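J.: For reference, each letter of the sequence shown is one residue, going 1 to 349 in the numbering used here.
Keep in mind that the hints were calculated from the coordinates and are not lab data. Bear in mind that the values here come from a model prediction, so they are computed numbers and not experimental data. Fair warning: there could be bad hints in the mix.
In the SDA-like style, the derived pairs of lysine to any residue whose C-alpha atoms are separated by at most 25 Å in a straight line are [unchecked claim]:
(1) 235 / 184
(2) 94 / 61
(3) 42 / 240
(4) 42 / 270
(5) 94 / 157
(6) 235 / 94
(7) 224 / 348
(8) 210 / 255
(9) 235 / 292
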Amino acid sequence: MIRTLTAAALLISVALPATAFDTRANAAYVYDLTTATVLLDKNADQPLPPASMSKLMTLYVAFEAIERGLLRMTDELVVSSHANSYGGSTLFLKIGERVTVEDLIRGIIVLSGNDACVVIAEALSPDGTEGGFARLMTRKAQDMGMTNSTFANSNGWPAAGHRMSMRDLGLLATRLIEDFPEFYPMFAETEFLFDATESANRFNRNPLLKLGIGADGLKTGHTKEAGYGLTGSAKQGNRRIVFVVSGMTSSAVRAQEAEAIVNWSFRQFAQRTLASGGQRIATAAVWEGAEPEIGLVPVDEISILLPVLADTEVEAEVIYTGPIQAPITAGTPLAQLVFQPEGLPQQRF
Numbered sequence: 001m002i003r004t005l006t007a008a009a010l011l012i013s014v015a016l017p018a019t020a021f022d023t024r025a026n027a028a029y030v031y032d033l034t035t036a037t038v039l040l041d042k043n044a045d046q047p048l049p050p051a052s053m054s055k056l057m058t059l060y061v062a063f064e065a066i067e068r069g070l071l072r073m074t075d076e077l078v079v080s081s082h083a084n085s086y087g088g089s090t091l092f093l094k095i096g097e098r099v100t101v102e103d104l105i106r107g108i109i110v111l112s113g114n115d116a117c118v119v120i121a122e123a124l125s126p127d128g129t130e131g132g133f134a135r136l137m138t139r140k141a142q143d144m145g146m147t148n149s150t151f152a153n154s155n156g157w158p159a160a161g162h163r164m165s166m167r168d169l170g171l172l173a174t175r176l177i178e179d180f181p182e183f184y185p186m187f188a189e190t191e192f193l194f195d196a197t198e199s200a201n202r203f204n205r206n207p208l209l210k211l212g213i214g215a216d217g218l219k220t221g222h223t224k225e226a227g228y229g230l231t232g233s234a235k236q237g238n239r240r241i242v243f244v245v246s247g248m249t250s251s252a253v254r255a256q257e258a259e260a261i262v263n264w265s266f267r268q269f270a271q272r273t274l275a276s277g278g279q280r281i282a283t284a285a286v287w288e289g290a291e292p293e294i295g296l297v298p299v300d301e302i303s304i305l306l307p308v309l310a311d312t313e314v315e316a317e318v319i320y321t322g323p324i325q326a327p328i329t330a331g332t333p334l335a336q337l338v339f340q341p342e343g344l345p346q347q348r349f
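Kindly produce the complete structure, drawing on both the sequences and the hints.
T.: This is the structure in structure tokens:
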């Protein structure tokens, strides 16, 4: 049978729901990494043209190849005529030029180099072509749980079927931050002077990096079809958020909206401790045991994210299937702690 226990000891002072952020973006997604809480979801699962934000997938595959020893930052790759053929934002690479992997990666992150993406793609592609690499990107995205992403090229150049959802971009950004901490600081670089020469393409287009609001990545994007977008992240204190916006009408509007989202995410929500690690929060009935019940204890601290507008009391529930058959080994998972904050998704621990 199913036993549901209200854990009265978990009554805490929290807040009424924050007002949902009224974004001007056509699609948006905001995710708090620290507590695994979705703060904003507007058309987040709709596949849309991602423009240069899809370069994050090229970077993920490249970082993974470096960690696996298939590529080194000091390796020099040769620029093909196909890589040289791309317009838009580029490093102005010349056919036959040899460029280090590190310069190519920085050129993608900071300067959004379309040509740099293709050089990386051709080096890692199963068949040596950008198309083959795009198919690899799609398979990798599916393996990562990105269910609304399909790639036709390595750099987000407008192409039929080249699509990503805002939730997928948020997941990809999260994985870049968590899987590659040694590479992530490059996303905060504000300029990159490739080959030590003056260039029309020198500065990072991320408008938040110099605002002092904790922003430290990741990638802007813009095409006529996609509008202006940004996949970003910011950290304040021990909290980190990832956010994605798409379909803005100008770079100025993108900058304003992204800054407003970061401020809203940190000012309108606060992290609260629901239960401490090792704290006995409830009991469960035991069948054929020396004692009639057993204490239920979280291994680690359980933190939740809540709006901060006004105090009220809420309850969490402990749910388990019982009575639980003895003998029971210490550390065995037995129950779930369920919390349903008003206006936010249900959280289970």
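J.: Decide, hint by hint, whether the structure agrees.
T.: A quick look at each hint next to the structure:
| no. | hint | in the structure |
| --- | --- | --- |
| 1 | 235 / 184 | 13 Å, holds |
| 2 | 94 / 61 | 24 Å, holds |
| 3 | 42 / 240 | 20 Å, holds |
| 4 | 42 / 270 | 22 Å, holds |
| 5 | 94 / 157 | 19 Å, holds |
| 6 | 235 / 94 | 38 Å, violated |
| 7 | 224 / 348 | 41 Å, violated |
| 8 | 210 / 255 | 12 Å, holds |
| 9 | 235 / 292 | 46 Å, violated |
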